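Visitor: Going line by line, the protein sequences match chains A and B. Heads up: the first sequence begins at 0 in numbering that gives the first Met the number 0, then just goes up one per residue. Heads up: the second sequence begins at 0 in numbering that gives the first Met the number 0, then just goes up one per residue.
These are calculated hints, taken from the structure and not from any lab test. Bear in mind the structure is a predicted one, so any value in this text is a computation, not a measurement. Accuracy of the hints is not assured; some may be wrong.
30 Å max Cα-Cα, derived DSSO-like pairs, lysine-lysine [said to hold, decoys possible]:
| id | chain 1 | residue 1 | chain 2 | residue 2 |
| --- | --- | --- | --- | --- |
| 1 | B | K421 | A | K136 |
| 2 | A | K136 | B | K137 |
| 3 | B | K137 | B | K34 |
| 4 | A | K151 | B | K137 |
| 5 | A | K111 | B | K137 |
| 6 | B | K110 | A | K111 |
| 7 | B | K428 | A | K136 |
Derived, one-sided and incomplete: chain B residues facing chain A with beta-carbon distance under 8 Å [as the list claims (entries may be wrong)]:
| id | residue |
| --- | --- |
| 8 | S398 |
| 9 | G400 |
| 10 | I401 |
Using N, Cα and C, we set each Cβ at its ideal position, and we do this for glycine too.
If you want the building blocks of each chain, they are given just below.
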Amino acid sequence: MLLEIKDLHVSIDGKEIVKGLNLQVNAGETHAIMGPNGTGKSTLALAIAGREGYEVTSGKIIYKGQDIVGMAPEERARAGIFLGFQYPVEIPGVSITNFMRTALNEIREYRKLPVLSASEFLGRMEEKKKLLEIQNKLTNRSVNEGFSGGEKKRNEIFQMAMLEPTLSVLDETDSGLDIDSLKVVAKGVNTLKTKENAFVVITHYQRLLEYIVPDIVHVLYDGRIVRSGGKELAIELENKGYDWIKKELSRA
Amino acid sequence: MSKIQDSTALKKQLEQMFRENSKLISSHDQPFISKAREEAIISFSDIGFPHGQMEDWRNTDLNKALSGKYTSLFKPGHGDQSIDQIFKCNIHELETDQISLLNGWYIDTKKPLVKQENGVISGSLAKAMEEYPEIFEKHYGKYADKDKDGFQALNLAFAQDGFFIYVPDNVVVEKPMQMISIINWSEGLFIQTRNLVILGKNSKITMVHCDDSTNEEAMFNNSVTEVFIDENAQLEHYKLQNLNNQSTLMNAIWFRQMKNSSLKSNAITLNGGLIRNYTHTVLDGEGASAEVYGVYLMDKSQHVNNQVFIDHAKPNCYSNELFKGILDEEASAVFNGHVLVRKDAQQTNAFQSNKNILMTDTAKANAKPFLEIYADDVKCSHGATIGQLDPEAMFYLRSRGICAANARLLLLYAFAREVVDKISIEALKMRVYDMIRKRLKGELNICDTCALHCDGPNKEILFEIDMTKV
Ligand SMILES: Nc1ncnc2c1ncn2[C@@H]1O[C@H](COP(=O)(O)OP(=O)(O)OP(=O)(O)O)[C@@H](O)[C@H]1O
Ligand SMILES: [Mg+2]
Chain A
0 MLLEIKDLHV SIDGKEIVKG LNLQVNAGET HAIMGPNGTG KSTLALAIAG
50 REGYEVTSGK IIYKGQDIVG MAPEERARAG IFLGFQYPVE IPGVSITNFM
100 RTALNEIREY RKLPVLSASE FLGRMEEKKK LLEIQNKLTN RSVNEGFSGG
150 EKKRNEIFQM AMLEPTLSVL DETDSGLDID SLKVVAKGVN TLKTKENAFV
200 VITHYQRLLE YIVPDIVHVL YDGRIVRSGG KELAIELENK GYDWIKKELS
250 RA
Chain B
0 MSKIQDSTAL KKQLEQMFRE NSKLISSHDQ PFISKAREEA IISFSDIGFP
50 HGQMEDWRNT DLNKALSGKY TSLFKPGHGD QSIDQIFKCN IHELETDQIS
100 LLNGWYIDTK KPLVKQENGV ISGSLAKAME EYPEIFEKHY GKYADKDKDG
150 FQALNLAFAQ DGFFIYVPDN VVVEKPMQMI SIINWSEGLF IQTRNLVILG
200 KNSKITMVHC DDSTNEEAMF NNSVTEVFID ENAQLEHYKL QNLNNQSTLM
250 NAIWFRQMKN SSLKSNAITL NGGLIRNYTH TVLDGEGASA EVYGVYLMDK
300 SQHVNNQVFI DHAKPNCYSN ELFKGILDEE ASAVFNGHVL VRKDAQQTNA
350 FQSNKNILMT DTAKANAKPF LEIYADDVKC SHGATIGQLD PEAMFYLRSR
400 GICAANARLL LLYAFAREVV DKISIEALKM RVYDMIRKRL KGELNICDTC
450 ALHCDGPNKE ILFEIDMTKV
């Protein structure tokens with residue numbers, strides 16, 4: 000198993016947000032996580048990536064057989080975990096090129112791979128830019144600075160393509176994307192998909208799942224996964240909303 | 000109180016030195032300069048050294064610097080030594096004309112003053128005083144206010160040598176002029192250099208002014224520069240400061256700008272015990288513009304004080320100030336920006352900004368932007384920030400595999416970049432980037448050569464690809 004989350008509890012500022020969550024992801028799988036606003040989806044994603052202040056009060060996040068709770072975010076990234084942010088940060092003055100070069104070099108150094116030469120690196124940039132139909136002028140700019148909502152999301156997937164992670168958690172990468180961009184992003188994800196890696200896609204819209212077809216769909220509600228099923232579950236949610244789940248839960 | 004006594008002691012010592020050496024001090028003088036010296040030493044006796052109760056000096060502690068033991072040289076101390084024996088300096092891909100001071104004295108004694116075919120004169124101030132009395136009578140001591148503070152008076156009384164640059168009307172100087180001031184003496188020196196720069200109408204020059212130490216001796220440099228920028232003339236002035244932690248540099252620059260002239264000044268402070276940059280410009284003709292920038296990277300107990308006074312004396316002028324600093328450990332910084340818009344200076348545009356990043360709880364920054372406006376049709380803004388690195392940005396970078404140290408480096412570098420990006424000479428900009436990178440990594444030393452030549456431990460730099468080289 001690539002990722003196994005066991006009875007995870009996460010608090011922010013002493014307030015419990017994730018309340019006993021279980022999730023298992025195998026290599027080669029794509030999972031979708033849906034759920035109403037404010038139920039803890041991003042909190043889960045950030046806890047997996049190791050955001051400071053997201054305190055794991057109990058439970059385990061086992062990745063490749065090792066509990067990563069307490070590991071620095073960069074160590075997780077080097078081990079192959081990637082988070083596509085719901086709200087990517089603007090970093091004036093740091094160009095995407097330098098950012099990616101530094102990241103890739105550090106990851107490669109950690110994995111004892113030779114550092115890419117400037118031309119190898121730029122070759123890789125070109126290849127991934129083509130894949131995601133990213134214009135040159137975008138990568139010469141500062142990270143996310145002044146990017147449109149859609150450009151920011153596309154840039155997240157571009158970074159994922161550059162770093163080739165094993166586990167990618169994509170937090171609402173589809174929101175803010177027009178239909179063409181959505182297709183490009185989906186194509187990117189599908190091209191990068193292998194038997195060895197896995198994707199956890201957080202979304203509100205079933206539309207994305209027509210392009211990135213999940214093996215399993217989960218519903219996250221009030222800090223827990225309360226239902227899991229096949230891709231039909233997403234269609235059902237799209238049609239009926241979340242009320243029926245809430246009702247069932249309150250009855251139980 | 001012993002501290003005050005110490006600065007009084009230095010004051011007494013200097014007054015006595017002046018009397019005992021006045022013959023030597025005034026040996027190159029025109030009579031009016033000797034007269035100015037006499038008046039200046041009286042001013043100094045009256046006002047003395049600045050102290051913490053004065054608004055502009057409130058957060059700058061001079062006590063330690065003024066209680067040091069110093070000697071002064073009233074004639075050059077280097078004999079026949081040539082500059083190449085002390086240091087070499089070259090910025091990759093940047094050709095400059097170079098003039099140098101060693102311990103406050105112009106070093107090339109064989110050719111103290113050079114007049115080029117196009118009429119540009121450069122070299123020793125002492126020599127120029129003798130040769131060009133008419134220029135001195137018109138400009139010397141006319142822009143710097145000797146009563147502004149004790150240091151200005153003291154400098155006017157004592158100054159014997161420094162840089163002199165004269166660019167005639169309509170001459171565009173292509174090669175930047177590099178002015179290097181090196182301190183290398185076996186005891187603590189008290190130096191008072193004075194520079195005079197004249198730009199004729201429609202002329203243009205770029206100056207790169209480097210202040211460097213070459214050893215760990217204490218020194219006190221009280222430097223005053225006067226610059227006249229005539230109509231339509233353009234000056235770019237870069238200052239690179241890389242001094243040892245025992246050094247004190249009082250650096251006052253007084254500009255007078257005429258109609259449609261433009262000034263771009265950029266002070267890059269990388270090291271120094273106590274550095275004060277006072278920039279004073281009078282926009283004395285319509286259409287003049289002054290861009291005054293600075294970036295400082297201080298650590299240990301270093302202190303930097305940037306003071307800018309912009310006098311919008313005429314309508315339709317533009318000024319823009321941007322100072323950014325990174326302060327680590329116990330370092331401290333002061334920024335005081337004062338913009339004066341006089342009654343008739345309509346259509347003034349004046350902007351001012353100071354941003355600081357504190358790396359520790361013990362680092363300190365003080366910012367006081369100040370607008371004093373008497374005209375009604377003006378566009379002015381000012382702002383100051385003091386903060387830490389953005390934790391969201393830190394996490395974003397780290398989540399891509401970049402370690403905390405490098406993430407910090409990337410963000411700090413990006414922060415400083417906004418100022419460095421304003422350097423218009425590409426080769427110099429690259430060199431400054433490099434120095435800042437080294438400084439941030441703790442690899443920039445007070446080398447035994449000029450900072451610009453200091454390659455330090457030549458480690459591979461992880462980021463920044465020069466796209467032109469692939
Ligand atoms: N820094 C914080 N301090 C306090 N509460 C927080 C903090 N961050 C998130 N929360 C709270 O945690 C809860 C879960 O937030 P989270 O961002 O995980 O929701 P989400 O499921 O991703 O929602 P959405 O679909 O709107 O993105 C919310 O109630 C939110 O207000
Ligand atoms: Mg969310």
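Visitor: None of the hints should be skipped; say for each whether it holds.
Guide: Comparing the hints with the structure gives:
1. A C-alpha spacing of about 21 Å is found between K421 of chain B and K136 of chain A, which places the hinted pair at or below 30 Å, so the restraint holds.
2. With a C-alpha separation of about 52 Å, the suggested pairing of K136 of chain A with K137 of chain B is violated against the 30 Å cut-off.
3. Our distance criterion of 30 Å between C-alpha atoms is met by K137 of chain B and K34 of chain B, whose separation comes to about 15 Å.
4. Under the criterion of a C-alpha separation no larger than 30 Å, the hint pairing K151 of chain A with K137 of chain B is inconsistent with the structure, at around 59 Å.
5. At roughly 69 Å between alpha-carbon atoms, K111 of chain A and K137 of chain B are farther apart than 30 Å, so this suggested pair is violated.
6. Using a Cα cut-off of 30 Å, the hinted pair K110 of chain B and K111 of chain A is violated, with the two alpha carbons roughly 58 Å apart.
7. For a cut-off of 30 Å, the pair hint linking K428 of chain B to K136 of chain A stands: about 22 Å separates their Cα positions.
8. Annotation: interface hint on S398 of chain B holds; nearest CB of chain A at approximately 5 Å, less than 8 Å.
9. Given the 8 Å rule on beta carbons, the hint for G400 of chain B holds: about 4 Å separates it from the nearest Cβ of chain A.
10. Look at I401 of chain B: its Cβ gets to within about 5 Å of chain A, closer than 8 Å, so that hint holds up.
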